[in-house]
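Trainee: Protein chains in written order, with the numbering used here: chain H, 571 to 753; chain Z, 1402 to 1591.
Keep in mind that the hints were calculated from the coordinates and are not lab data. Remember, it's a predicted structure, so these values are computed and weren't measured experimentally. Incorrect hints may have been included.
[Unchecked claim] In silico negatives: residues of chain Z with every beta carbon more than 10 Å from chain H:
1) 1542
2) 1543
3) 1582
[Claimed, not checked] In silico contact screen, one side only, chain H against chain Z (beta carbon under 8 Å); selected entries:
4) 591
5) 595
6) 618
7) 629
8) 687
9) 690
10) 695
11) 713
12) 734
The beta carbon of each residue, even a glycine, is placed where N, CA and C say it ideally should be.
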Amino acid sequence: MPRVSERVSDGDLIQRVGTGDRSAFEALYRRFARPVLGLALRRLGDRGRAEDALQETFTSVWRSASTYKPERGPGAPWLYAVARNAIVDRGRSRAEAPADPPEEEAIEPGPPEQAEAAWISWRVHRALEELPEHERTVLELAYWSGLSQSEVATFLDIPLGTVKTRTRSALARLAGILEEELQ
Amino acid sequence: MTSRPPDLRELVGDDVPPDELARLGRVHDLLVQAGPPPELPAELAEPPQATGSVSVLPRRRWRTIAALAAALALAAFGIGWLAAAARDSGGESLPKVEFRVPMQGTGAAPHAVAGNWPMAMTVRGLPSLPAGERYQLWLTEDGKLIASCGTFHAEGETVVYLNAPFRLRGKGWAVTREGSKQLLMRTSTI
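The following block holds chain H by itself, in its conformation from the complex (with noise of 0.2 Å):
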């Protein structure tokens, strides 16, 4: 089966999608999954229903693609949408039994933090997988392993200039696809 580039961008794959390509598909699914399941574990803070979230919205996603407009937007954020949806959906068919009021200030992030931190993990997620393996590696090593760079370089078994230069050439690259979040 072609695998789709992964430079396509990603309102051109949804367009492809809605006319039941199904490489496209596959593409999107890899580009986003690990997004998608990222924002359904942060809001619905469950794995199981997580899990379920992430295939209902790509089964939503294979279903309306082709009623993404892109002149409205790019794909991200109409994924995203879609995603949020589903997981509000997950979210709502949870039984959970009435709480008390809070005695206390509630010291989490108000709704708006929140959603404002969830874009934000949406976004550098899905920018972490159009990074190559190689930079995303270093990358995930360096910030999520608790590895240091010279037990990174151990691990992968290359210098640690090796790494510090791929870490250097990720972060850059990964700058520049963040380019809206960081103006």
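Fit chain Z to the known structure of chain H by using the hints.
Mentor: Here is chain Z on its own, set in the frame of chain H:
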């Protein structure tokens, strides 16, 4: 495992011009703020099999089809009434669950057992649960619970609409109380 964010200068070295360092620093802050992306479980490494006419059915349409084509679908898939696992029901009528799979793939054999199947599950005889508790439907393989298909309330005769984005051959379904692994009902393997 990680306890604190890495130091940017340690990551990129000391020979980065100030302007670029500032640019990388903004990305660094976003990475720290975003946190790690989750790993996909193996069963979600590939997208749902959303090909063919199964998953693209609008909800209203497949609900209608579910209602109309139940008997045919049941026969096509060999999914029948669930036998209650409980043996000590003391003569009470056994709980029953019926799955109706509206798209049996007669016109698209390659997709006949792999797809994102819209299903209508009709439940009869399950007792109502206390407030806040739900039943859970599972996909099973070799009698083991392998994936949740969702949770539901049951009151009297209840119809639950679900999607099953899985390969179905060799699978079955089971119902538990949410949070419990004890099977209340199960189907035979498809």
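Trainee: Under 8 Å, Cβ to Cβ, is where residue 695/H needs to be relative to chain Z, so tell me if that hint holds or is violated.
Mentor: Where the cut-off is 8 Å and the nearest Cβ of chain Z is about 4 Å from residue 695/H, the hint holds.
Trainee: Going by Cβ atoms only, is residue 734/H closer than 8 Å to chain Z?
Mentor: 5 Å, holds
Trainee: Would the hint on residue 591/H be counted as holding, given a Cβ-Cβ threshold of 8 Å to chain Z?
Mentor: 11 Å, violated
Trainee: Is the hint on residue 690/H kept, meaning its closest Cβ partner in chain Z is under 8 Å away?
Mentor: 6 Å, holds
Trainee: Would you say residue 1542/Z is clear of chain H, with no C-beta pair closer than or equal to 10 Å?
Mentor: Its Cβ never comes within 10 Å of chain H, the nearest being 17 Å, so this holds.
Trainee: Holds or violated: residue 618/H as interface residue toward chain Z, Cβ cutoff 8 Å?
Mentor: 5 Å, holds
Trainee: If you take the shortest Cβ to Cβ gap from residue 595/H to chain Z, is it below 8 Å?
Mentor: 6 Å, holds
Trainee: Is the Cβ of residue 1582/Z farther than 10 Å from every Cβ of chain H?
Mentor: 13 Å, holds
Trainee: Can we keep the residue 629/H interface hint, with Cβ of chain Z closer than 8 Å?
Mentor: 5 Å, holds
Trainee: Answer holds if the nearest beta-carbon of chain Z is closer than 8 Å to that of residue 713/H; otherwise answer violated.
Mentor: 5 Å, holds
Trainee: Taking the shortest Cβ-to-Cβ distance between residue 1543/Z and chain H, state whether it exceeds 10 Å.
Mentor: 20 Å, holds
Trainee: Have a go at the residue 687/H hint: is there a Cβ in chain Z nearer than 8 Å to its own Cβ?
Mentor: Nearest chain Z Cβ about 7 Å off; hint holds.
Hint violations for this structure: number 4 only, all remaining hints satisfied.
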